[in-house]
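K.L.:
Letter by letter, the chains look like this.
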Amino acid sequence: MNSRYYFNDTSAQKSDEQIKNLSLQNLIKNSSPFLGNMSAPITIIDFSDFQCYLCNRYVKNTEPIINQTYVQTGKVALVFKHLPNRGFDSMGAALAAQCMNDQEKFWQFHKLLYANQKPIDSGWVSKENLKKFALQIPGLDIKQFDSCFDSEKYKSFVQKDIDLGLSSGFKETPSFIIENSDGSNPEFLAGALPFPSFKAVIEKKISGS
Amino acid sequence: MREEKKTPIPSSKRLLLILSFKMVFSTWTYIIFAVATTVTFWIVSSIFDQLLFFYPIVIFYLPDDALVGFILVNITAIILGIVVSMNIYVFRHSKMKINITSFFSGSSLSVISSTCASCSSLGFFLISTLGAAGVTASSFVSNYQTPLRLLSIALLIWAYYSISSKITKSCIMNSSNSSK
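So the protein lines, in turn, are chains L and A.
So for the first sequence, the numbering used here puts the first residue at 1; every next one is plus one.
So for the second sequence, the numbering used here puts the first residue at 210; every next one is plus one.
No lab work stands behind these hints, which were simulated from the structure alone.
Worth double-checking, as some hints may not be accurate.
[Unchecked claim] Covered by chain A, per the in silico footprint, the following chain L stretches (three or more residues, Cβ under 8 Å):
no. : stretch
1   : 52–59
2   : 63–72
3   : 83–90
4   : 124–133
5   : 195–202
Glycine included, each C-beta is placed from N, C-alpha and C at the ideal position.
Isolated chain L, as found in the complex (with noise of 0.2 Å):
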């Protein structure tokens, strides 16, 4: 597996169908992480990198509120997608926590990586570190774990996620889309926002649906 990747914008083209899509039951069809309840009316899209500062300060300090008064009650599914920019190495980690999906310990995986990060590219998630990260995770099949990710079988599945993050307009990490669950009236928002941004907007959505 080549270590090292950056990702080519070739594909950046705005492509509607990828924006209409984005219902909560597509998302979840296709494989991509998510957090809370199937029918909750809302749905948040976080577009992240595992070495990105900025995303790691939103993991931090704004989720877990959200997590605590939004999803817990029901009201909002948070759904992950890769947009892995920020370093050589990311490209790695980002194929290496979808192969976490197959188990359901993505979000094990997601918050051993964020509570690790180092600088970036320092080798903190070279192909090593994330198999011995992988170790740490209870309960893995790591004889699968090891197959997927050396396979690289979620590439095309990462690279599709950076084509919808492009195709959605964000140019940084972490970006989010805030829509209804069926897709519709998505909000776009970028940078790692404090919890009253995400309020203003979901509070919004809740009283006019």
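Here the structure of chain L is known, so what remains is to put chain A in place on it, guided by the hints.
P.N.:
For chain A alone, kept in the frame of chain L given last:
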């Protein structure tokens, strides 16, 4: 033999710095220039650092991980305001030309390095524009944010010292010319 009356020359460097500061900021115009520069730089840096947001609501937010950077940006903004204002003073009052090399290597480089310390949020732009070189540049500015900011403060202090010397030198020359 008649003793020549000499203009007192401040001997220590500290006095030079204080004297030049007092000369410039005794006029409201330069205080306004300094405040405007400081506020503008502070707002731009806070936007780049993702501390200040205008959409969907206007909000300023200071998480723990941003505290050190925020303190350094505040220091940079204040010194930058002073240095820019002093450069304008020299430009308007002195017959001497501003030393372009000094100005660019001091004030401008400080602005660039400090802003670039925050430009990691432009990772995608750098990557799509410059490819692999952009990835390296983006990760460099992200990983070395704090040292870059410290460097910019050091450069600004040097620029302040440099411009202070110019202001007091021209003042001493003027006063010795007028005493002849």
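K.L.:
Evaluate each hint against the coordinates.
P.N.:
Each hint, compared with the structure:
1. 52–59: Since 5 is at least three, the answer is holds.
2. 63–72: This one is violated; 0 residues, fewer than the three required, reach chain A with a Cβ under 8 Å.
3. 83–90: holds (count 4)
4. 124–133: Since three or more residues must qualify, the claim that chain A covers the stretch 124–133 of chain L is violated, with 0 doing so at under 8 Å.
5. 195–202: holds (count 4)
Hints 2 and 4 from the earlier list are contradicted by this structure; the remaining hints agree with it.
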